[in-house]
Amino acid sequence: MRFGVVIFPGSNCEQDVIHAVNHLGHEAGYIWHGDTDLSGFDAIVLPGGFAYGDYIRCGAVARFSPVMAEVVRFAEAGKPIIGICNGFQILAEAHLLPGALLRNVGLKFLCKTVSLRAEESICDWLDVPAGTVLRVPINHNEGNYICDAETLERLKANSQIVLRYCESDGSTAPGGSAPNGALDDIAGICNERGNVFGLMPHPERVVDPLSGGTDGAVFFTAIAKHVAEVAS
Amino acid sequence: MARFEIYVTYKKGIFDPPGATAERALQNLGYSEVAQVKIGKYIQLEVADGTSAARIREMCDKLLANPVIEDYRIETVGEA
Amino acid sequence: MARFEIYVTYKKGIFDPPGATAERALQNLGYSEVAQVKIGKYIQLEVADGTSAARIREMCDKLLANPVIEDYRIETVGEA
Amino acid sequence: MTLETLSPELAPKLAVELGLKHDEYEKVVEILGRIPSVTELYMYSLMWSEHCSYKHSRKALRMFPTSGDAVLQGPGENAGVIRVGDGWAVAFKMESHNHPSAIEPYQGAATGVGGIIRDIFTMGARPIASLDSLRFGTLDKPRQRYLFEGAVAGIGGYGNCLGVPTVGGEVYFDEAYEGNCLINAMSIGLMREENLTRAVGSGPGNLVLLIGSTTGRDGIGGASTLASQEFDEKAEDKRPSVQVGDPFEEKLLIEACLELLANGLLVALGDCGAAGLTSSISEMASRGGVGVDIDAAAVPQREDAMKAFEIMVSESQERMVAVVTPEDLEAAQAVCAKWGLRSTVIGRITDTGRFVVRMGEEVVADMPAATLAHDAPLYDPAMERPAYLDEAQAFDPMALGHPTTPEALSAMLLELLASPNICSRRWIWEQYDHQVMVNTVVLPGSDAAVLRVGDTGRGEMSERGIAVSSDCNGRYCYLDPYTGAQIAFAEAARNVACSGGRAAAITDCLNFGNPEKPEVFWTFYESVRGLADACTAFGVPVISGNVSFYNESFGQPIYPTPTVGLVGLLDRVEDHCTMAFKQQGDAIVLLGRTKAELGGSEYLKVAHGLVAGKPPKVDLVDERLLTDLVVTAIRTGIVRSAHDCSEGGLAVALAECCIAGGIGAKVDAEGKLPPAAELFSESQGRVVLTVAAEHYDALKTLSATHATPCTRIGTVGGDRLAISGLADVSLADMRAAYEPTLERLVHGADTLQSEELTEG
Ligand SMILES: Nc1ncnc2c1ncn2[C@@H]1O[C@H](COP(=O)(O)OP(=O)(O)O)[C@@H](O)[C@H]1O
Ligand SMILES: [Mg+2]
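Residue numbers (numbering that gives the first Met the number 0), protein chains in the order written: chain Y, 0 to 231; chain H, 0 to 79; chain C, 0 to 79; chain V, 0 to 759.
The set of hints was computed from the structure by calculation and includes no laboratory data. Using N, Cα and C, we set each Cβ at its ideal position, and we do this for glycine too. It cannot be assumed that every hint is accurate.
To be verified - Where chain V lies over chain C, by a calculated footprint (3+ residues, C-beta under 8 Å): (1) 13-24; (2) 54-68.
Stated by the list, open to error - If we take Cβ atoms under 7 Å as the criterion, some of the chain C residues that face chain H in the derived model are: (3) Ile42; (4) Glu45; (5) Arg72; (6) Ile73; (7) Glu74; (8) Thr75; (9) Gly77.
Stated by the list, open to error - Mimicking DSBU-like on lysine-lysine, the simulated pairs with C-alpha atoms at most 35 Å apart in a straight line are: (10) C:Lys61 / V:Lys140; (11) C:Lys37 / H:Lys40; (12) C:Lys61 / Y:Lys107.
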């Protein structure tokens, strides 16, 4: 089992993902955005950061990196892809996931630990029962998820909403629980096939108890388990 | 050199946080006559002479605007 | 309702990192005809009828533009 | 040679306009043996400015102890470096960006962060953490809110994009900073000892490579307006001296430079900060005792018709200067290209010892390179003890009327918790990515941030940690600069100790008014003396720093503000500690002793609107014993929480431990002092610790060996902070007072109000 972590110019969480994955006992390697060979990797992570400075729009330039054509092929092959924060934004710009991420409603960058509720979804990259509440940090300026009404209906009907922001007891506050204004409190979604998963929170920041907690581990262990199952 | 100007705005129905905030801020500052503020992008493009508007549209579709959330309008300004 | 449009751009001599990035990105995408890209703000303002241009200028100076680094231009668009 | 010099009439006039004193101009003429050219005059005037030459401060700074076993690089380089252990080293430095931020807070603060971070990776270290030390006027003024909000957004905007966590800092609001805010930024970098790089140019024939952004007219400043009027037919409109930062370019520079150094492709590396190419190149040349030959025309320019002097002194951001051998040029440029960075050969190292600047074929400057960096005149400014001090120090705060009833004291405690100088800083640090690199073990909101040491996700990790804090209470320094500077040090040492770190070295940023005023210079000198004595007493060296003078508005100087940035070491990062009360039943212990010291306190300001009296006394021997004790106790594993007493005194310290832990406490008052003094006195040398009740005796014994008073004052538990007979407040009320203040002050009122926003 080997995770591949893509480095775009301006990515800045790639080493955190590698650390997290290694900490959990799995192998990982870096993939330069100009590379086009993904053989040797069982899962791809698009990490957080500010690819191309987030200029024009978050993810707008990065989606044209040479590696992205291969990422699309990887997705079409049904293999696991996870985009974290800026990685989610890139997946959205590349149309591997529907919708877009706008500026946080408060117009402030937000770095804080929030509660997330795992939803009943077709994405297998989350190794907890639906309803589980996880504590995971967010760290973004543009995490305000939006899509048109039709898309939202489709996401719901097809169980593509993987994670929602919630209160610490798993409930939703009357005005919504998203700290960034995200539509329907959406924190993470997957594609129709369930193998491409994008989320704004940073699970890689909470796998090592010394630096924050362990609630993020389930995101990576789920993928590892799946890959092991497919292999056997 | 030819010059084009591109105006990128949010699609109808898409909430625009900076616009909404500016609207509130102006009203708080006493500009009660303000009804709505929308903030988009104003892109000035300098390209080689003879570049067609179709080429510019391509650049917008690909990179300068996101068709999922944004509309754009192109204006030819003339020589630079 | 009256409508105004405001174009905010960096002052001459101020570096525009998003513009420079867009320029390079377009060239890398094969648009070698692109010579320069500048990215500013395009603000659409809807205000009560009879609001004077001077009022709008005031709003720009106070809030909508940063006079230290930005210039702006106001256009009257007419009724909304 | 065809060097075109200025006319004998114009040269001295321009020199004065550029800020050179007449004697300094004469010295330039003497060095050159002729009248200077325009370019030369610009280069000297900038290199000999206060900012670059430290001409008013350098002699005083010699009081600082700068050496020690752990010091790998002391002051004099782009940053200082200390050994951490196991082959690891950290580079750190603090710098001010006060004046640019007062004009444009977002960009000023952002480029301040960018500048200090370049100083760090220039040394071969990967930037791993930043801190910001901020001072503004009070937030009831719209302009102050604008500055505060903008500066915080700018610091976050830049650091977040780079992926360097901003892990701590401090902020004070006081009228004294209304006309002159302070934005000090500290950066810390991590490296293996063997990768330490110095900006020493060498090897005649080697090439000078400029990496990164294009060069524009940014930051050339007011003088250029005059120059263009004098030398241009048509004067250009006054240019903004504000620079816009490009953190994306800087991120690429970090990665490319570290890769270049790791591959051994560079002979030397320097960053372009103040005075741009002139300063980075002349410093490299003078350190290496070599000459340089630069073609200004080769520098990639972003504006038309730039003059050589503009190119040489431009402060365009995100540029680095490297020296490479001709053999390595291709490989070095390939690394730059991989990261999408421009790299251009702009000159070469020579053996002449001269700094020659050409514009194409034409020589526009030719001077002994070392004279730029080293021959600025040094001054012994006149000093005079300020007249205000006698009256201020004679004031006796105990003679005032103070609250005595539990109701009044409880209300006062809540009022202090809500004071902008004490309240939660969450609103600030939630805008900063404080976790990226996954090494932040103690997050902002406790005493000092703690970071794990290791090359996360790239290489080796270690068990070690560092703890960092920046501190300075300007009111104390105003009331007694010598004592105030020592308190800045002592508080930083306590903060670091409470997190488990042993003080190792400091950096500083000395913010003062106009040094040519004897009263201002006296406060500067006394502050430096105080800080130097504190460092000596602790055996802690100063390894880098920065002086910012001329922080005045309408002739009124700011409070003397010598900010201290202290780095401490943890042998095992697991042995860290936070301020939060952890467990019901734990014993609360006060180390140190409370005295009736309300002078310069936050209480005096909040309750009586006064900044007066003598600041608390500080005993450096006691402070050192105390911090040793706290670190030792934490290492034994018995300490559950530790928090030092600073602004707001014991009551506020206890309240902060309760709020952080989400649990209350029952405390017995000693009853020897008047109640307001017992609760709110800011006596130094105190720490509130908790241990499990059964470990109290062990702590008591340990304290005795450190000659530090150790008193059990209460027990953790419940949902109120009850201080017997003096104050009794609920956790909810304390939270409601402490948490929302900044957010309320910034957003609650009609922010961004009218003309006040842009004036002054
Ligand atoms: N400007 C700031 N930026 C980031 N963190 C800050 C800032 N100001 C304060 N903090 C953090 O808030 C906490 C409390 O700060 P402060 O009240 O200055 O503590 P202390 O009194 O212990 O020095 C610390 O963790 C500090 O690092
Ligand atoms: Mg403290």
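To see whether the hints hold, each was checked on the structure:
1. 13-24: Per the Cβ count (7), the hint holds.
2. 54-68: holds (count 7)
3. Ile42: holds (5 Å)
4. Glu45: Holds. Min distance 4 Å.
5. Arg72: Violated. Min distance 10 Å.
6. Ile73: violated (13 Å)
7. Glu74: violated (11 Å)
8. Thr75: violated (14 Å)
9. Gly77: violated (15 Å)
10. C:Lys61 / V:Lys140: Status holds; Cα separation ~15 Å.
11. C:Lys37 / H:Lys40: holds (10 Å)
12. C:Lys61 / Y:Lys107: holds (20 Å)
Comparing the model with each earlier hint shows violations of hints 5, 6, 7, 8, 9; every other hint is respected.
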